[in-house]
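Chains A and B are the protein sequences, given in the same order. Start counting the first sequence at 1; every next residue gets the next number (my numbering). Start counting the second sequence at 1; every next residue gets the next number (my numbering).
Derived from the structure by calculation, the hints contain no laboratory data. Note that the structure is a prediction, hence the values are computed from the model and not measured. Hints are supplied without guarantee of correctness; some may be wrong.
[Unchecked claim] Here are the simulated DSSO-like cross-link-like pairs (lysine-lysine), alpha carbons at most 27 Å apart as the crow flies: (1) A:Lys55 / A:Lys70; (2) B:Lys77 / B:Lys56; (3) A:Lys3 / B:Lys49; (4) A:Lys18 / A:Lys57; (5) B:Lys60 / A:Lys3; (6) A:Lys70 / A:Lys3.
[Stated by the list, open to error] Selected chain A positions facing chain B (in silico; Cβ < 7 Å): (7) Pro39; (8) Leu45; (9) Phe48; (10) Val52; (11) Met54; (12) Glu98; (13) Phe101; (14) Gly102; (15) Gln103; (16) Gly104.
[What the hints assert, rightly or not] Pairwise CB distance ranges (calculated): (17) A:Val12 / B:Arg67: 30 to 36 Å; (18) A:Val12 / B:Asp54: 45 to 51 Å; (19) B:Lys56 / A:Lys53: 27 to 33 Å; (20) B:Glu8 / A:Lys71: 49 to 55 Å; (21) A:Leu41 / B:Lys56: 26 to 32 Å; (22) A:Gly95 / B:Ala53: 22 to 28 Å; (23) B:Gln81 / A:Met88: 46 to 52 Å; (24) A:Gly95 / B:Thr5: 23 to 29 Å.
Glycine included, C-beta positions come from ideal geometry on N, C-alpha and C.
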Amino acid sequence: DVKVTQSSRYLVKRTGEKVFLECVQDMDHENMFWYRQDPGLGLRLIYFSYDVKMKEKGDIPEGYSVSREKKERFSLILESASTNQTSMYLCASEGGTEAFFGQGTRLTVV
Amino acid sequence: GNSVTQMEGPVTLSEEAFLTINCTYTATGYPSLFWYVQYPGEGLQLLLKATKADDKGSNKGFEATYRKETTSFHLEKGSVQVSDSAVYFCALRNSGNTPLVFGKGTRLSVIA
Numbered sequence: 001d002v003k004v005t006q007s008s009r010y011l012v013k014r015t016g017e018k019v020f021l022e023c024v025q026d027m028d029h030e031n032m033f034w035y036r037q038d039p040g041l042g043l044r045l046i047y048f049s050y051d052v053k054m055k056e057k058g059d060i061p062e063g064y065s066v067s068r069e070k071k072e073r074f075s076l077i078l079e080s081a082s083t084n085q086t087s088m089y090l091c092a093s094e095g096g097t098e099a100f101f102g103q104g105t106r107l108t109v110v
Numbered sequence: 001g002n003s004v005t006q007m008e009g010p011v012t013l014s015e016e017a018f019l020t021i022n023c024t025y026t027a028t029g030y031p032s033l034f035w036y037v038q039y040p041g042e043g044l045q046l047l048l049k050a051t052k053a054d055d056k057g058s059n060k061g062f063e064a065t066y067r068k069e070t071t072s073f074h075l076e077k078g079s080v081q082v083s084d085s086a087v088y089f090c091a092l093r094n095s096g097n098t099p100l101v102f103g104k105g106t107r108l109s110v111i112a
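So here's chain A without its partners, still in its complex pose (with noise of 0.2 Å):
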C-alpha cells in the first residue's frame, strides 16, 4: 500500500519560531509537493519538488522554504512562524498522473 507520511497530525508553535513539517513517502516517487489548505481557498501550492536536491517556487512561497536532501523526504520549513501561517499542510508524492497524499498537518501558530 503506497504511504506518503506526515510526521505530525496537530502542532501548536509560538510566532517567531522556527518550524519544520515532515513528509515521507515510500514509493520512489521523484515529485513532491507541499499545498496549504485554508476554507474558502482551496488547496494553494507552496513549493514542489522534481528532483532531490532541487525545488520550485509554487503560488505562495513567501514566509516558506523546503529541503529534498533525499529522494523520500521533503520538508517544508516556516523560517519565523506567524499567525497567518496557522493552517492545514498537506504533503503529496506524485508517480505518473496521480498524486498521493498525506493525512495532514494541522498548524496552529499562536
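Fit chain B to the supplied structure of chain A, relying on the hints for placement.
Just chain B, lined up with the frame of chain A:
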C-alpha cells in the same frame, strides 16, 4: 493561465438523492482532468480522472465526462450514501510535468 472553478458548497442531500457538482476549467493546451475526494480527517485521494476530450472517468458509482466544448468536468452520482460525505476537489494538469491546479473544493453532506 490555468484555473478551475467549481460550485460553492456546502451541498446537503438526502440519502439516495442524485448528485451533481459542477466544475469548469480554463487552460492553455489540452489538460488532464481529475476529481479528488477528502474524507473527514484524511488527505486527498484520487476519485477518477480523464485524460482527453469525451473520456469518461468513473469510480465508486461516481462519473465525470471531459467536455472540451464546454470546458467542463461535472461530477455525478445517481444515488448518494451517507459515506459519500466529504470534500470534493476538481483539478487539472496541463500537458507536461506540471503541478496539479485545484478548485476550491465542494463540501458534500449526505443525511440519512
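Query raised in the report: Failing hints, ascending?
Result: Numbers 7, 10, 11, 17, 19, 20, 23 - these are the hints that the structure violates, sorted from lowest upward.
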